[in-house]
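So the protein sequences, as listed, match chains L and G.
If you read the first sequence in the working numbering, its first letter stands for residue 1, the second for the next number, and so on.
If you read the second sequence in the working numbering, its first letter stands for residue 1, the second for the next number, and so on.
Since the hints were made in silico from the structure, they are not lab data.
Heads up, the beta-carbon is just placed ideally off N, CA and C, and yes, glycines get one too.
Hints are not guaranteed to be accurate.
With a cut-off of at most 25 Å between alpha-carbon atoms, the simulated DMTMM-like pairs for lysine to aspartate or glutamate come out as follows [unchecked claim]: (1) L:Lys-237 - G:Asp-95; (2) L:Lys-76 - G:Glu-83; (3) L:Lys-142 - L:Asp-17; (4) L:Lys-202 - G:Asp-91; (5) G:Lys-208 - L:Asp-91; (6) L:Lys-264 - L:Glu-28; (7) G:Lys-142 - L:Asp-17; (8) G:Lys-23 - L:Glu-162; (9) L:Lys-176 - G:Asp-17; (10) L:Lys-176 - L:Asp-91; (11) G:Lys-238 - L:Glu-322.
Cβ-Cβ distance ranges computed for the label pairs, FRET-style [said to hold, decoys possible]: (12) L:Pro-117 - G:Lys-326: 44 to 50 Å; (13) G:Ala-38 - L:Ser-45: 34 to 40 Å; (14) L:Gln-206 - G:Thr-61: 58 to 64 Å.
Examples of chain G residues toward chain L, derived with CB under 8 Å [to be verified]: (15) Met-48; (16) Asp-95; (17) Val-169.
The residues making up each chain are set out below.
Number of protein chains: 2
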Amino acid sequence: MSELRRDPICGRWVIVDTDHPNKPEDFEYEPHIIRGGACPFCYGSEAMTPPEIEAIRQPGTQPNTPGWQVRVVANKFPALQVEGELDRRGDGIYDLSNGVGAHEVLVEAPYHHKDIPDLLNSEIENFISMYCRRASDLIKDKRFKYVLLFKNFGAAAGASLEHPHTQIVALPMVPKSVMEEIKGAHSYFEYRERCVFCDIIKQETQEKERIILENKHFISFCPYVSRFPFEIWIMPKKHSGYFIQMTPEEIPALASILKETIAKLKKIFVNVSYNFIVHTSPINGDGFAEGYHWHIEFMPKLMRVAGFEWGTGFYIVPTPPEMAAKYLRES
Amino acid sequence: MSELRRDPICGRWVIVDTDHPNKPEDFEYEPHIIRGGACPFCYGSEAMTPPEIEAIRQPGTQPNTPGWQVRVVANKFPALQVEGELDRRGDGIYDLSNGVGAHEVLVEAPYHHKDIPDLLNSEIENFISMYCRRASDLIKDKRFKYVLLFKNFGAAAGASLEHPHTQIVALPMVPKSVMEEIKGAHSYFEYRERCVFCDIIKQETQEKERIILENKHFISFCPYVSRFPFEIWIMPKKHSGYFIQMTPEEIPALASILKETIAKLKKIFVNVSYNFIVHTSPINGDGFAEGYHWHIEFMPKLMRVAGFEWGTGFYIVPTPPEMAAKYLRES
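If we strip away everything but chain L, and leave its shape as in the complex, we get (with noise of 0.2 Å):
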């Protein structure tokens, strides 16, 4: 028989099949075949990309020539635009209002072909430090409420560019999805006083059969409430809301957990495409809430999501996240 799992933080079911598990030689997943071309993303196409606004680079090389390690651009084919204001309005019965935000692409290194997993960690440490200093410096924008970072790697994933990188948006309004987990680990915060992410670092690190990887300051372990198969978590020991709020000491604690976890994914799902997002506090004052955690939420892309998790938000998922763990650990 299968198992109905509630997770802990919105409610959210997922059917686990215990009885047939499918191993990672059932799934046929679309590999990302890295075919090459014109990247506006590699050294000497910075003319192609809209100017840039910051980046890490050798001395004396100049902004939109090649010499950076970690280059951020506006996204030219931006969901959301900076100028203007919010205007809220009314349509009848529906609300809209102006499309105003910010979308940064955030190249990771100057590698075409360099997953996260074939750079060295200092390259690794470097990207992660221009998320912090990207967020840091669009939330000092008041209009915006939540700035989200985003990882699609590879077509399956929906990456319409080879070239690592990593999205940066800032939205004037909390996202949904964000909002329903502050309010979750509020509602646990409130009945129990404390987090319910710490509460599950707890419960991981003592049973072990779902973790993957464990350093001073990170866990990186398949949650028990999985929705997808082979779906990973990376988070930090300390209770901490904002990612921005990291450590000198956690960066490289983070890097090195966030290479050696997809590595060990991507030794048994060669080529495989995933996409990570990073889960934290709202800014600006709407909706922080003391119980919640700051994580990254890693999926690899197995399978296709269908009308079953369309019409329900629920999830059926083929492997149980102890035996993904198994795997992962022993890989």
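Please build the complex by placing chain G on the supplied structure of chain L, with the hints as guidance.
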């Protein structure tokens, strides 16, 4: 500048690209290609499926033999199983229960190669009647709180079998996304003493710009707050919370609008894959809302959902629904 739109039911925001909208030819979708081969849902393969639960058959033919027009069998790989009790319990801070439920497959017609637009109206009426019969039967089981009907057509939409079919899942709890809709509709009803869906129908039939088709009993339209390009909702004009309470006159009207709407879509997007989901009220006492109104949500698979959508619950829609509806009306 793009537009942010908020849906009046759940409060979900979407970003509509009104500036550089995608035209139909801008989408690179994965076409549904029929490969053929042995099919458990074709005439003569009845023994390849679990035994027939119910069928519409030519008089004199036996169950589990050819001669059927619509055939319902248990899912060979069910997500949930009919036997047993729910037995909800804790696992540290987590919750789980047995995977109790029902998972049936409704083979819509004997033809491997015919999608809904290729069927006779009477054939579509047959399978819609069977939807109602199966749902009416499943709600007799008091353990079930929701009956979900959904269709995955084509591999890009998550279908693992080519032969057109609908899945029926009876769940022991009301799914999260259904509950959100019910609650949203209820809040609107409490405040305005009107059904939000009836108000949507009123505004859409007046403004007409998002309408695709209309007949005596139904409208099909691209919703103001579409999450996906060319998303379509089909909604009964008569206020009713329950799909299964359709009147005998409504069934042919639904068959006709469903057929013609999908035909129009497939003229623009040849061999497109799609999902549709019947949204209806919960059963057996849980979560009924006076202001709820059943409808069908139809989503062609033209794009992939990526990190932004997973991270926010927001959607970026590259084609405004007004433009999509115009293309569909004129196709």
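Violated hints, by number in ascending order, as checked against the structure: 2, 3, 11, 13 and 15
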